[in-house]
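**Student:** Sequence:
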Amino acid sequence: PAGARNDPAIAAVNLGYLRERSGDLDGAAETYRRAIVLRPELPLAHFNLGVLERRRGNLAGAEAALRRALELDSRYADAFDQLAMTREQGGDLAAALALYEREIALDSTPPRYHRDLGRLHVLRGESAASQCIVNHIKACRHKRHRAYIVKGKRPSLI
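So for the sequence shown, the numbering used here puts the first residue at 64; every next one is plus one.
Please note that a few of the clues may not be correct.
Quick list of simulated restraints, FRET-style, between CB atoms [said to hold, decoys possible]:
1) S85 / L169: 51 to 57 Å
2) D70 / A191: 21 to 27 Å
3) A127 / R165: 16 to 22 Å
4) R84 / G120: 34 to 40 Å
5) A157 / D87: 21 to 27 Å
6) N69 / D136: 21 to 27 Å
7) A158 / S190: 20 to 26 Å
8) E189 / N77: 37 to 43 Å
9) S190 / A74: 32 to 38 Å
Simulated from the structure, these hints should not be mistaken for laboratory data. Every residue, glycine too, gets a C-beta built ideally from N, C-alpha and C.
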């Protein structure tokens with residue numbers, strides 16, 4: 064959008080992303096927080112901060128930021144994905160499972176969503192459920208979806 068070019072909050076998010084990519088995680092977090100101060104209703108700023116905090120091991124901070132992104136945009140599938148990974152990393156597999164299922168209900172296109180859900184079923188010892196997901200991905204027409212499960216000759220989600 065034309066207005067986004069002049070939006071200091073979007074500029075801060077972009078700068079934060081560049082800082083994060085260059086390894087300046089503290090600078091990135093500070094820049095994402097500045098974006099949130101400039102425009103608290105911007106889900107992307109909260110999302111990026113949440114992803115960064117999860118990478119840094121601050122699961123409580125990650126969850127708070129990702130939940131805020133979802134409060135602002137309840138259809139933000141990537142935020143459900145990151146929140147599920149945060150809950151999984153914290154050991155709450157039941158909550159992670161519910162979040163992965165919610166994300167797929169919102170957007171079933173990205174193959175990593177199915178892979179993550181299947182991987183979680185494997186971790187939970189639910190091989191029948193993970194096999195259903197393998198079958199779903201194998202039946203998919205998109206080659207990139209199938210690439211997520213094929214390792215050698217044996218299908219795998221990990």
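**Student:** For every hint, state whether the structure bears it out.
**Tutor:** Hints versus structure:
Distance hint for S85 and L169: a CB-CB separation of about 32 Å, inconsistent with the stated range 51 to 57 Å. Taking the beta carbon of each, D70 and A191 are about 48 Å apart, not inside 21 to 27 Å as hinted. Against the hinted window of 16 to 22 Å, the Cβ-Cβ separation of A127 and R165 comes to about 18 Å, which satisfies the hint. In this structure, R84 and G120 break the distance hint of 34 to 40 Å, their C-beta atoms being roughly 19 Å apart.
A hinted range of 21 to 27 Å is violated for the C-beta pair A157 and D87, which are about 36 Å apart. Take N69 and D136: their Cβ atoms lie about 22 Å apart, and the range 21 to 27 Å holds. Range check, A158 to S190: about 21 Å between beta-carbon atoms, so the 20 to 26 Å window is met. Checked against the given bound of 37 to 43 Å, the beta carbons of E189 and N77, roughly 40 Å apart, stay inside it.
Range check, S190 to A74: about 48 Å between beta-carbon atoms, so the 32 to 38 Å window is missed.
In summary, the numbered hints that this structure violates are 1, 2, 4, 5, 9.
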